[in-house]
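Following full-length UniProt numbering, the numbering of the sequence shown begins with 1 at its first residue and continues without gaps.
There could be a bad hint or two in this list.
[Said to hold, decoys possible] Calculated pairs, SDA-like style, for lysine to any residue (alpha carbon to alpha carbon, straight line, at most 20 Å):
| # | residue 1 | residue 2 |
| --- | --- | --- |
| 1 | Lys-9 | Lys-302 |
| 2 | Lys-9 | Phe-245 |
| 3 | Lys-302 | Phe-245 |
| 4 | Lys-9 | Trp-155 |
[As the list claims (entries may be wrong)] Listed next, with one range per pair, are the computed distances between beta-carbon atoms:
| # | residue 1 | residue 2 | range |
| --- | --- | --- | --- |
| 5 | Trp-155 | Ala-380 | 39 to 45 Å |
| 6 | Phe-94 | Asp-2 | 21 to 27 Å |
| 7 | Phe-269 | Thr-92 | 25 to 31 Å |
No wet-lab data here; the hints were simulated from the structure. We put the CB at the ideal spot given by N, CA and C, even for glycine.
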Amino acid sequence: MDWDLVWIKAVHFTTCLSGVAWGRFQVLYLNSKGHSPTNNGLLRAGGLLAKFLCTPMWGAQADRHPPAQQLALSVAITGLLIELYRRPSIYTSFWGLLALKVVRSGSNGMGTLVDILTLRTIEGKSNVGYGSQRLWSGIAWGGGSFAVGYFIDQWGYDSIFSWTYFFSGLVLLLLLYQPTSAAARGGGPHGEGGKRKRSAGSLLYTYAKQMKRPEIGRFLVIMTCYGCAISLVESIMFLQLERDFDMPKSSMGTITLVGTLIEFPIFQFSRSLVSRFGHLRLLTVAHWTLAARLFFMSLLTKETAHLTILVQASHGVCFALAWTAAVDYAFVFSPPELKATSQSVVSTAYYILGAGFGSVCFSASYDYFGARASYLGGMALVVASATLILPFLPAVPHRQDRQHDLLPLQQRDKTTAGSSDIEDEEGGGRLGGGGLGLSGDEGASMSGGGEREALLSGEAQ
């Protein structure tokens, strides 16, 4: 048994459980304290703005230090700060809530850091994919939503806080007992031994140069639009189920559980799906499935509310297919020394820019125009992205075609003897013309640079 893999699966599972109670039911909690959907949308947007500013820094720090340390810090801070949401002086004041939301969200780098840790743990292991680790977050999200919904129905909203404290403590214990072999690949002083660390500012500046490439811009616009459209469900569905359909919390948790079940086989076979069908086909299927999902959500009424669970069963296709394709696509265009930083930028586009804009717009739309108009607006956005932007995204090799990037430096040098690659001035990788047709310093490290982590991101909370 490979204890590294057992450990990283447990980290995925418990970290997601530590965030599911607040992540899934915070809107209902704040609604019970008298805050309108518009206020909830503004609060979420404020939190996502803080993530927009702080997530790249979490990623940059993980490029320089062991991500397990950064993850422990993030878990501890967010676990302590959540207690303030129970204080009347905070939850009765919109500005007090906004300030707390900004500070806590900026401190929450867990999704980004868990995926960096995952990819460094599985690096160099044959026949081990990211998806088979990531699916344990899906199990935790679905099962946790069901359990927390039941607890809220039985014991009230205090269950959210007790649940969060318990599983945050479990995460810290797991990080304390990280396997030595996993720690050796963890970055910082344990990994990339002997190489001079680049400053966080230098890493972010280098990535900013990469952002000038048009294909990266198109990719991030697609992820932003998709994140905006899919955020509709997070922003208004639970409010609609409670306010318009009078549905109990346990039933809402069941809907989330069913919605995550389809994720499991997709993540389990993610490498095969990308290899067989390619990034663009998977993204296309995800876009049109989301459009259909939002259309059918717009048709639901109180009399047909029981059909919500059938519509939400498509969530697994919408999320897992899109994310599987996106993370593999992003791996190709990311310079090796910027994998963690790049991960945080893709997370920013999908979970922060997209979800932040969607939260404000669709929460206000629900307040003033109702759920039907909001769902149709989201459908229009995803259809526009699928027809006007996605077809122009250039095709790239999938990650299995780039196993050369994962070879130890000594082996790779033997296979590239006589090539035109040269060492980066910072000592963080090799320059070459791989990937998306880059050259010179704009194409830094696309085809070499020692054992490196890949690029992916988890579910933001």
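Violations among the numbered hints: Hints 1, 2, 4, 6, 7 contradicted; others consistent.
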